[in-house]
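Listed below, chain by chain, are the residues.
2 protein chains.
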Amino acid sequence: MYTIGQVSEMFGLPVSTLRYYDREGLFPGMERSSGIRRFGEKELEALRVIECLKKSGMEIRDIKQFMEWCARGSETYPLRRELFLRQKDLVEAEIQRMNRVLDMIRYKCWYYEQAVRDGNEERLALMRPEDMPEEIKRAYENAHEK
Amino acid sequence: MYTIGQVSEMFGLPVSTLRYYDREGLFPGMERSSGIRRFGEKELEALRVIECLKKSGMEIRDIKQFMEWCARGSETYPLRRELFLRQKDLVEAEIQRMNRVLDMIRYKCWYYEQAVRDGNEERLALMRPEDMPEEIKRAYENAHEK
DNA sequence: CCTTGACCTAAAGTTAGGTTTAGGTCTTAT
DNA sequence: ATAAGACCTAAACCTAACTTTAGGTCAAGG
Chain A
13 MYTIGQVSEM FGLPVSTLRY YDREGLFPGM ERSSGIRRFG EKELEALRVI ECLKKSGMEI
73 RDIKQFMEWC ARGSETYPLR RELFLRQKDL VEAEIQRMNR VLDMIRYKCW YYEQAVRDGN
133 EERLALMRPE DMPEEIKRAY ENAHEK
Chain B
13 MYTIGQVSEM FGLPVSTLRY YDREGLFPGM ERSSGIRRFG EKELEALRVI ECLKKSGMEI
73 RDIKQFMEWC ARGSETYPLR RELFLRQKDL VEAEIQRMNR VLDMIRYKCW YYEQAVRDGN
133 EERLALMRPE DMPEEIKRAY ENAHEK
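These protein sequence lines are chains A and B, in that order.
Under the working numbering, think of the first position of the first sequence as 13, with each following residue one higher.
Under the working numbering, think of the first position of the second sequence as 13, with each following residue one higher.
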């Protein structure tokens, strides 16, 4: 069992954030001894999941919902499975989106490389995808399509 | 030349958002005819870049900085190139992070699939990575390492 | 003529996810 | 005995990125 300060250290999260999570109901049924929070293995695993779901873009209130399902036991396994399946689709879509953004940025890196060399954008203004290097053309078209 | 309403349609952005962007200085030197904004090709390209940079996680004030560099002309090519190079690293790191999150979620999908079948978590509680299917073991270890 | 609809501004309001503040308790080291 | 250092709460504050509101201009259609 750990104190809030120890958990803060372990996860690199401010104490105030851990208290905020608790206030928001992300640790349902957490123990206390004379008012002081006691983080057990259950809460540590909860925190790992919280970090993962947060990075996946889920909001606190939905994470709370999930934690409540966990507290309810085996009857909610299907709900939890559906949640992760939905989240998987969302994250896969997000990664695809980011790859398109990355291609746009790669194109811009190349563009300004040329602009720096030329000293102006005249040549670039006239350039069509087929005049670009293969790799850049690919990035340009992926970034601009649809 | 387009009105704010036409641009709103074209980009699927609320008119209020376009006005907000303008207020924040994202269209330096945009024309007006008797008070009414006139969006030209310059502003449309600016908007495409704004969408890209926003998705890459850049804040409005930094996008404004970039737009001011664009307005200043060829002397700022190096600054703009550096900006995109930095942004490229950031997005690449973000994609890596998302892939780890995705592996954690894949593991959880599998986990709850098993839990639903078993009706409890007893078997899962005893399971070590080497007992997991190859693909899941990989995801689990990628998601939990470091 | 007068109403509708697109445009405008300034300013206030909203939301998420925290952080900070102010005041209090408890334990431990000097 | 007192001062430092963890812990606690409630409530106020913060920031980014919008959105909403309230009030106004102007052109076209019935």
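A couple of the hints might just be wrong.
When chains are identical, the list treats them as one kind, so a pair holds in a single copy or across two.
As the list claims (entries may be wrong) - Straight-line C-alpha distance at most 27 Å; calculated DSSO-like pairs for lysine-lysine:
#1 Lys67 <-> Lys54
#2 Lys76 <-> Lys54
#3 Lys54 <-> Lys149
#4 Lys149 <-> Lys66
#5 Lys67 <-> Lys100
#6 Lys149 <-> Lys67
#7 Lys76 <-> Lys100
#8 Lys100 <-> Lys66
#9 Lys149 <-> Lys100
#10 Lys100 <-> Lys54
#11 Lys66 <-> Lys54
Think of the hints as simulated: they come from the structure by calculation, not from any bench.
As the structure is a prediction and not an experimental result, all values here were calculated from the model.
Hints versus structure:
1. With identical chains, the CA atoms of Lys67 and Lys54 are at most 27 Å apart within one copy only, with a shortest distance of 20 Å there and 35 Å across copies.
2. In this assembly of identical chains, Lys76 and Lys54 lie within 27 Å of each other by CA distance solely inside one copy; the values are 15 Å within and 45 Å between copies.
3. Taking identical chains as interchangeable, the C-alpha atoms of Lys54 and Lys149 lie at most 27 Å apart only when they sit on different chains, with a minimum of 22 Å there against 51 Å within one chain.
4. Proximity of Lys149 to Lys66 under the C-alpha cut-off of 27 Å is restricted to the inter-copy arrangement: shortest distance 23 Å between copies versus 35 Å within a copy.
5. For the identical chains of this complex, Lys67 and Lys100 are neighbours both inside a copy (12 Å) and across copies (19 Å), given an alpha-carbon limit of 27 Å.
6. Proximity of Lys149 and Lys67 under a CA criterion of 27 Å is satisfied inter-copy only: 21 Å between copies versus 32 Å inside one chain copy.
7. Taking the shortest Cα distances, Lys76 and Lys100 sit within 27 Å of each other inside one copy (18 Å), while across copies they are farther apart (34 Å).
8. Taking identical chains as interchangeable, the C-alpha atoms of Lys100 and Lys66 lie at most 27 Å apart whether they share a chain (13 Å) or sit on different chains (23 Å).
9. Proximity of Lys149 to Lys100 under the C-alpha cut-off of 27 Å is restricted to the inter-copy arrangement: shortest distance 17 Å between copies versus 31 Å within a copy.
10. Taking identical chains as interchangeable, the C-alpha atoms of Lys100 and Lys54 lie at most 27 Å apart only when both belong to the same chain, with a minimum of 23 Å there against 38 Å between chains.
11. Taking the closest pair of Cα atoms, Lys66 and Lys54 come within 27 Å of each other only inside a single copy of the chain (18 Å); across copies the shortest separation is 37 Å, beyond that limit.
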